[in-house]
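Sequences and hints are given; from them, build the entire structure.
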Amino acid sequence: MVEMPVAVSRRTESAEQSELRRHVFRRTTGLAVRHVVLVAMAALTLFPVVLIISTALKTPQDVRSDPFGLFSSFSFENLRSAWTVGRFSSYLWDSVLLTVPSTVVVIVISTMAGYAFARLPFPGRTVLFYLVVLGLLVPFFTYMIPLYFQLRSMGLLDSLVGANLVLISTNLSFGTFFMRAFFSDLPEELEQAARIDGASESRIFAQVMMPLVSSGAAALAVFTFLSNWNNFLVPLLYLPSGKYRPLTAGLYNFTGGRSMDIGPLAAGTLITIVPVIAIFVILQRQVTQGFLSGAVKG
Amino acid sequence: MRAVSNVPPVTRRAQARLGLLLALPVAVVTAVFFVFPMLNALYYAVVDFDGLDPTPPFVGLSNFTEMFTDAATWHALGNNAIWIAIGTASPMIIGLLVAVVIWSGRSGAAVYRLLFFLPFMLPGVAIGIVWGWIYDPVNGWINRALGAVGLGSMTRGWLGDPKTAIYAVLATAIWATCGFVTMIILSALRNVDVELVDAARIDGANAAQRLWHILLPQIMPVFLMVLTLTLVGGFSVFDIIFIMTGGGPADATEVLGTYAYSSAFQLNRISYGTVLALLITVLAVPFTIMLNRLQRRLSLQGLGA
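Listed in order, the protein sequences are those of chains P and Y.
Okay, so the first sequence: first residue is 1 according to UniProt numbering, each after it adds one.
Okay, so the second sequence: first residue is 1 according to UniProt numbering, each after it adds one.
By construction, these hints were calculated from the structure, which means they are not laboratory data.
For glycine and all other residues, C-beta sits at the position ideal for the given N, C-alpha and C.
Incorrect hints may have been included.
As the list claims (entries may be wrong) - Per the computed footprint, the stretches of chain P lying under chain Y, defined by three or more beta-carbons under 8 Å from a beta-carbon of chain Y, are: (1) 41 to 51; (2) 136 to 144; (3) 166 to 180; (4) 198 to 210; (5) 223 to 230.
Given below as structure tokens:
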């Protein structure tokens, strides 16, 4: 009678132990498999980026004999010729001139409109809001062709102002939606307290509410900057003469020409993606927040 | 909606004034650069505009009848269908699996998440150029790798062969999209009830069962949202194809976007290009609305984020 429980408990103990061992074993194989999968995916993800860097930093002779062998030589010659002969210095400048003003204006207008839609009842709000939503639904394709002729008759074709305005309008629906979500989340009490203290409506907006959405505005700024920096279609369509040419259009133009110039092309590609990667690494929180809340809230 | 009753009329008037003022810029820009060209698109669709004639002749619906009897339209539409089917399903499946693998581990999640997301941020031109090198018939890494494992007979100019070109471009697009899916699904997985997953494990559910019956239902709204985004993007795909193949070789990769572009800006058939662009819209918008509805209904049922 005394033996039994001991035996039972011993048997369960060993069963538990083997169960535990099996579990730990499964855990480690699971972890190993997981590790292999992730490392393989990471290699696949990074390989093209590595290929750009490697090709850009080879000597021109090496590019000619073995263009895609990884890191088989080292020189800044391709970067130098892309910068000077390939005109990538002016492409970079045009990219800045297209991206910075449009981003600033998108942030300003979106913040204003986001606040109005979130917290201020005004006549025509519903209609206008439907138009903004429509802007999110309708692809740019729908109206890009008429817009070309509209810009032409406005004298804005082939001008930085025109291209900036298009970049602003294509980002505005998203921006307004995005900022509206941030303003909607703020508590009503803040507004009421400021009003009781005698603040005017515009002061409530500018000095009470606006500082509270600065993180949202920052995320929107990073998001808008990147999408404008990467934009290809707008310069392709609305800057046709090549008088102004941002990096994306410059790169495309380069591919159309002499296919032998892989070295400078790689260098130009590197010049184009370095700011993107830098922003991504430094401002990763804003970047992911922008993409996530944009996607989830919108 | 806010309680209007306790707001004095003075405040309400001030709010309306400020609201109009703050919404004015968005109204102006939207009217001039969105509403006006959209209405113009409808006008272009029923005339025959060559880009020069200030008073193009009215042609009624003949642009539309031409579009539907044009074999090139159907060919492009077929490529869009391939693009939507493969280009949506693959990143969704790969992205979901990678997200679950990252999520189920303990360490390194932040690093992997950032790393996988990187391609989505890169400009399409850069992606197109570097993948063009990878597909290079002579020096490209794909052919090198095939040769190295003894499959040298399979090597080809991936983008120059009409049979493989569309799939080669698709693979590039999938490479660029997976990280986006991964990141969004990972953020949804953060809200998943872990106790349910553990309970299922104890009840003997294997990994696939746990994924299908426990995880997926909980992240369904977010899953549908990513699905919408990639699906709708498939109708208006342009950049990556235009850059990598320009619709060629021999129209093998022509989609509605590239066909609309070349009709309008290379052949000066402005009206025809506009009608093709309208077709993209008509196809894409109902999908967006439908999936959005579905997503909203699911999140109302409290199935997740």
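Structure-based check of each hint:
With a threshold of 8 Å between beta carbons, the proposed coverage of the region 41 to 51 of chain P by chain Y holds, since 9 of its residues qualify and at least three are required. Counting residues of the region 136 to 144 of chain P whose CB lies closer than 8 Å to any CB of chain Y gives 8, which reaches the minimum of 3, so the coverage claim holds. Coverage of a stretch by a chain is defined here by at least three residues with a beta carbon nearer than 8 Å to that chain's beta carbons; for the region 166 to 180 of chain P and chain Y the count is 6, and the condition holds. Given as covered by chain Y, the region 198 to 210 of chain P passes the check, having 4 residues with a CB less than 8 Å from a CB of that chain where 3 are the minimum.
Counting residues of the region 223 to 230 of chain P whose beta carbon lies closer than 8 Å to any beta carbon of chain Y gives 3, which reaches the threshold of three, so the coverage claim holds.
Against the hints set out earlier in the document, no violation occurs for any number.
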